[in-house]
Amino acid sequence: MSRLYMARNPKVAARGLDGEMMIMSGRDSTLFTLNKTATILWQSADGTTPLDEIVERRICADFEVEPAEALHDAESLARELASHEILQISEEPIPPRNAAAGESRTGESQ
Amino acid sequence: MSGLLQEMTEKAQRLNIPFNVQLDLTYRCNERCVHCYLDHDDHGEMSTAEIKHLMDEMAEAGVFILTLSGGEIFLRKDFFELLEHARRLMFCVKLKTNAVLIREREAARIRDLGVESVQISIYSHRPEVHDGITLIPGSLKRSVDAIRFLKSQGLRVIIANVLMRQNMQDYPGVRALAAELGVECTLDPTITPMMDGNRSTLDLGVDQSTLRQVFRDTALVGDTDEFCAIPAPAGESELESTPCSAGHTACYVSPYGEVFPCVQFPLSTGNVRQQRFVDIWRDSDQMKEVRSIRLKDLTTCPSCTHVGSCTRCPGLAYLEGNMRGPSSQDCEKSFVRTGIPSANMLAKKHAAVNQARNLVQIRTLPNFAGATA
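As you go down the protein sequences, you meet chains Z and L in turn.
Residues in the first sequence are numbered from 1 upward in steps of one, following the working numbering.
Residues in the second sequence are numbered from 1001 upward in steps of one, following the working numbering.
Don't take each hint at face value.
[What the hints assert, rightly or not] The calculated lysine-lysine pairs, modelled on DSBU-like cross-linking and capped at a C-alpha distance of 35 Å, are:
| # | chain 1 | residue 1 | chain 2 | residue 2 |
| --- | --- | --- | --- | --- |
| 1 | L | Lys1349 | L | Lys1011 |
| 2 | L | Lys1296 | Z | Lys36 |
| 3 | L | Lys1011 | L | Lys1094 |
| 4 | L | Lys1349 | L | Lys1288 |
| 5 | L | Lys1141 | Z | Lys36 |
| 6 | L | Lys1288 | Z | Lys36 |
| 7 | L | Lys1052 | L | Lys1077 |
| 8 | L | Lys1011 | L | Lys1052 |
| 9 | L | Lys1141 | L | Lys1011 |
| 10 | L | Lys1052 | L | Lys1141 |
| 11 | L | Lys1349 | L | Lys1296 |
| 12 | L | Lys1094 | Z | Lys36 |
[Stated by the list, open to error] Across the chosen pairs, the derived CB separations fall in these ranges:
| # | chain 1 | residue 1 | chain 2 | residue 2 | range |
| --- | --- | --- | --- | --- | --- |
| 13 | L | Ala1347 | Z | His84 | 14 to 24 Å |
| 14 | Z | Asn35 | L | Pro1127 | 49 to 59 Å |
| 15 | Z | Ser2 | L | Arg1291 | 32 to 42 Å |
| 16 | Z | Glu53 | L | Phe1227 | 27 to 37 Å |
| 17 | Z | Pro95 | L | Asn1322 | 51 to 61 Å |
No wet-lab data here; the hints were simulated from the structure.
Backbone N, C-alpha and C fix where the C-beta goes; we use that ideal spot for every residue, glycine too.
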């Protein structure tokens, strides 16, 4: 089975607000808010940790959910976020881009 | 404002988070616009390190929208270094500039860094009028060239057209230029007094007949009957509401590190060179005072027909002497829009009539009375 890798798109703007991530698309300035699970995916999308590991460590550990079901839902979510150009997804690890923004930051605030 | 952005802004207000900040990187400028309210000399701008540190503090405080303005931002040699830092912190960055220093290379860099929008001041489609306001020959051509470079990179560009006596007939031409360039266009008839309180720039503002023409231009306001309708009386909830976002979800930081409730509200609330940004935002007495004001607390406005629909600017009111008082420019706009004078205008008229009565008051002098007896 192929593994899925995710990286944050450095063209977006992002900030945490009361535990919720606000993300503004770099493509058309559309604003999105991410729920708790999507926020975990965003925070974990470093381009090198595969999605199944993220789900196992960050989602199954915190939510009472079957690993297979959680991975299926997380994959759907990752593909949806990628369709809005919030995340980049690939079946190979994604090296950091040359763009200045977003390589290590998640946009979280206090 | 989109529904979700409005929702997030309201949430930020409930949580006392400075959602939207304008940071002026410099007051220096390569234009000399006749209506400008700034002193263009450098009195000790923040250094690159100071601004980066401030941006770090802003990100921690929850700032989402960061507008970089001036002065002319591209006069800072470290501009792209600061912009890179801002984007690394994932702010939604908006730029305000005259754009005369933007060429193909700068436009491409702005695109690469994911800037949300670039607002550019254009005063007229006619070089003699635009350049006559900026006092720089060739400035219209440079700015329009820059708009083309930015558009060719796929960036969102907004033309900001300030309306004043010099260009009052040219706004349709500017709108046509914007349409030709494929960019948005805003029109603002507000002229701001200088930051030192000097009000001479206000003489450049348009007269009531021009303002009336603007407010009845369907291309600008849509349905004029609706736009110019007499407002419904304000309800209790409206009177309990806050006057604007200044100090609630928005604030302004000068190139010298001073924090104000808004760029148009020169009430200093602290300096980031002495205190953390978030401490000024949360704890300064001045910020708390601004934040405490509700429409019902204003001096004249609560009884005014326009209170629920007025664009009253607390900063302009402050510059008139009382942050809880009316803003005469906005009273005039409400009057021109609807034909109904504001409570402030009526009070001033009443005071003027009383003063005139006092001037012509006839007292019977004893000697004179005796002479006629």
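Hint by hint, here is what the structure shows:
no. : hint                               : verdict
1   : L:Lys1349 with L:Lys1011           : violated (42 Å)
2   : L:Lys1296 with Z:Lys36             : violated (39 Å)
3   : L:Lys1011 with L:Lys1094           : holds (21 Å)
4   : L:Lys1349 with L:Lys1288           : holds (34 Å)
5   : L:Lys1141 with Z:Lys36             : violated (50 Å)
6   : L:Lys1288 with Z:Lys36             : holds (33 Å)
7   : L:Lys1052 with L:Lys1077           : holds (14 Å)
8   : L:Lys1011 with L:Lys1052           : holds (27 Å)
9   : L:Lys1141 with L:Lys1011           : violated (43 Å)
10  : L:Lys1052 with L:Lys1141           : holds (33 Å)
11  : L:Lys1349 with L:Lys1296           : holds (23 Å)
12  : L:Lys1094 with Z:Lys36             : holds (28 Å)
13  : L:Ala1347 with Z:His84: 14 to 24 Å : violated (53 Å)
14  : Z:Asn35 with L:Pro1127: 49 to 59 Å : holds (53 Å)
15  : Z:Ser2 with L:Arg1291: 32 to 42 Å  : violated (53 Å)
16  : Z:Glu53 with L:Phe1227: 27 to 37 Å : violated (57 Å)
17  : Z:Pro95 with L:Asn1322: 51 to 61 Å : holds (59 Å)
Of the numbered hints given earlier, the model fails hints 1, 2, 5, 9, 13, 15 and 16; all others are met.
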